[in-house]
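*Asks:* Chain S is fixed; fit chain A onto it per the hints.
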Amino acid sequence: MSKGRYGIYGGQYISETLMNELIHLEESYEHYKNDPQFQQELQTLLNEYAGRPSLLYYAEKMTKDLGGAKIYLKREDLNHTGSHKINNVLGQALLAKKMGKTRIIAETGAGQHGVATATAAALLGMECEIYMGREDTIRQALNVYRMELLGAKVHPVTSGTQTLKDAVNECMREWTNRVDDTLYVLGSVMGPHPFPMIVRDFQSVISREARQQILEKEGKLPAAVVACVGGGSNAMGMFYNFIEDKEVELIGCEAAGKGVDTALTAATIATGSLGIFHGMKSYFCQDEYGQIAPVYSISAGLDYPGIGPEHAYLHDIGRAQYVPITDDEAVDAFEYIARTEGIICAVESAHAVAHVRKIAKNYSPDQSIIVCLSGRGDKDVAAIARYRGVDLHE
Amino acid sequence: MNKTQNKISRAFDTPNKKAFIGFLTAGDPTPDCTVHYILEMERAGADLIEIGIPFTDPTAEGVVIQDANIRALKGGMTTDGVFEIVRRVREKSRIPLAFMTYANPVFHYGYDRFFARCEELGVDAIIVPDLPYEEKAEMEEPANAHHVALISMIAPTSRERIRQIAGEAKGFIYVVSSMGVTGVRGEISTDLGAIVEEIRKVTDVPCAIGFGISTPQQAQSMAAVSDGAIVGSAIVRIIARDGDQAAPALYEYVKSMKEAVARA
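As you go down the protein sequences, you meet chains S and A in turn. Per my numbering, numbering of the first sequence is gapless, rising by one per residue and ending at 394. Per my numbering, numbering of the second sequence is gapless, rising by one per residue and ending at 1264.
Isolated chain S (complex conformation) (with noise of 0.2 Å):
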């Protein structure tokens, strides 16, 4: 078995021409991974700029209307830059820098990545191409905008489904072009190894500081932890220091769409089978022929055919569990959390937050659930508008 394995998932489905560039990326990732300069200017840029540690807050509002768990929100959406995705973006982009890269490129869905990116990207000096699905162009036309102001040059791509799926074939395409400048900054703890092990390490300061917090606050460990999922990033981020403690549920919510019994789902736990796709083994919306299907949600973030390998791993091992989350309950929960702690979250969180909407009340009162709130919403505004038929005039 290949290098980069979750059990039997992960591995290295790659093109050739860029195999010696994935064995470079890994040597130089293990090296500077225990290079304490490195670590160093990654903290300092963390704290300083993307202005970590982010707050473990206590919903009390949420808590009592719930009635049962005391809830916490791991508030990712308080980053610069307005969610978790800089956390990944300034490691890889400070690892491209050192590798001597002068040009780094990315997909993105919502363009929360892709924004990351661009802002890394300007403030280490460089280069910066961004490849986004003409879909989703138009779904967050502010976004691109943004990447713009940024410096960065944004892609809109044609070919597919027009949507983040196309946007990583097309980064892919544009990386096999262009290896020896070029660092594809992936956004997700997907496509082949060793971008989910470098993904998940740089996301996993959100559990390290999580646990740090709710030791502090509630003097014991979570009785569950609850993130977003898509390919993955918040939610291994989540996650990654809660495995060990088993006594911690971990519960990724996947974009259901109009439903897991519709075909309009990106739920690919639920509705996904094994499959080799991306660079990496693991489950995949796909039909009987294997051919990729088109996914469906609101959310364009967690718009995505496909899972992270460790996902796969931590799901078929029982230590993880996977729950659909409609578009309507992500809408509501959206709404929710809104009026009732005056926080607008990105409509992929809102995702997690539908989840807890449903548990809390199994818990008593002496336990916790933390819930990650990946991003902010200010983006999805006029997507929830337009899902409630409000007419929004600039």
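Treat the hints loosely; a few may be bogus.
To be verified - Okay, the calculated beta carbon distance ranges per label pair: (1) S:E27 / A:D1244: 50 to 60 Å; (2) A:P1248 / S:L124: 15 to 25 Å; (3) A:T1215 / S:D378: 26 to 36 Å; (4) A:R1163 / S:A382: 51 to 61 Å; (5) S:D180 / A:Q1164: 17 to 27 Å; (6) S:G51 / A:D1242: 17 to 27 Å; (7) A:G1122 / S:R319: 28 to 38 Å; (8) S:N362 / A:G1167: 57 to 67 Å; (9) A:D1204 / S:K3: 25 to 35 Å.
Claimed, not checked - Here's a subset of chain S near chain A, in silico, CB distances under 7 Å, partners left out: (10) G11; (11) S15; (12) E16; (13) T17; (14) I276; (15) I292; (16) Y296; (17) K358; (18) N362.
It should be emphasised that the hints constitute simulated quantities derived from the structure, not laboratory data. As the structure is a computational prediction, the values presented were derived from the model and not from experiment. Note that CB positions come from ideal geometry on N, CA and C, so glycine has one too.
*Replies:* Just chain A now, kept in the frame of chain S:
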């Protein structure tokens, strides 16, 4: 494995020991056309045909073959449909055939079931661009069991990997001419002679060069430094342009390319 070696290496058993290899996407624009076009390319002198099993997300392909994949899938092409095309070709032709597709359609069909069908119908080799040396074992074992050669690819970036890959290669070696994805290129700048020379140090398995070749001049110069030229996008472009009327143009084009390779 010798049986496979012999079948696929028949393609290189030409007067100057160099092969012209043509690619098309199965079901583009229809299964009938694919059967007809394979036979037409054989008549024009092609020594080996690569049949693309369409995939929704062909990440190694440029736009020309991406579009062919979409046309074929929209037309209802499936893996079983591709096997049916091969069955019909085999009623009339013994030309060496290779599949070109991505790991997932083969994995999902079931490796053993897939290669058993290949063996039964006479598909001699398979090219899987998203299955590098490190991952090949899972597919190579069942492929070998059914006498299908899993073709190894070597890229301009392979460097010290060349010997490792070539040392285990079977059938023929697919040398990728350039960085990037498939598609017609004005100029190929990689030092392919040096790569082939490196390969020759460890194996005498034939080497064919692909990616970016479209003109007879390119085919001739690529075949001159190797054992053959592989042409995909330029053929698919003719099919995209002429649809179900592409036979005459395909014949003329393949004939001119074969003649160029024969001069190398």
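*Asks:* Now tell me, hint by hint, if it's right for this structure.
*Replies:* So, going through the hints one by one against the coordinates:
no. : hint                         : verdict
1   : S:E27 / A:D1244: 50 to 60 Å  : 52 Å, holds
2   : A:P1248 / S:L124: 15 to 25 Å : 56 Å, violated
3   : A:T1215 / S:D378: 26 to 36 Å : 53 Å, violated
4   : A:R1163 / S:A382: 51 to 61 Å : 57 Å, holds
5   : S:D180 / A:Q1164: 17 to 27 Å : 22 Å, holds
6   : S:G51 / A:D1242: 17 to 27 Å  : 59 Å, violated
7   : A:G1122 / S:R319: 28 to 38 Å : 47 Å, violated
8   : S:N362 / A:G1167: 57 to 67 Å : 59 Å, holds
9   : A:D1204 / S:K3: 25 to 35 Å   : 31 Å, holds
10  : G11                          : 6 Å, holds
11  : S15                          : 5 Å, holds
12  : E16                          : 4 Å, holds
13  : T17                          : 4 Å, holds
14  : I276                         : 4 Å, holds
15  : I292                         : 5 Å, holds
16  : Y296                         : 15 Å, violated
17  : K358                         : 34 Å, violated
18  : N362                         : 38 Å, violated
Hint check: violations occur at hints 2, 3, 6, 7, 16, 17 and 18; the rest are consistent with the structure.
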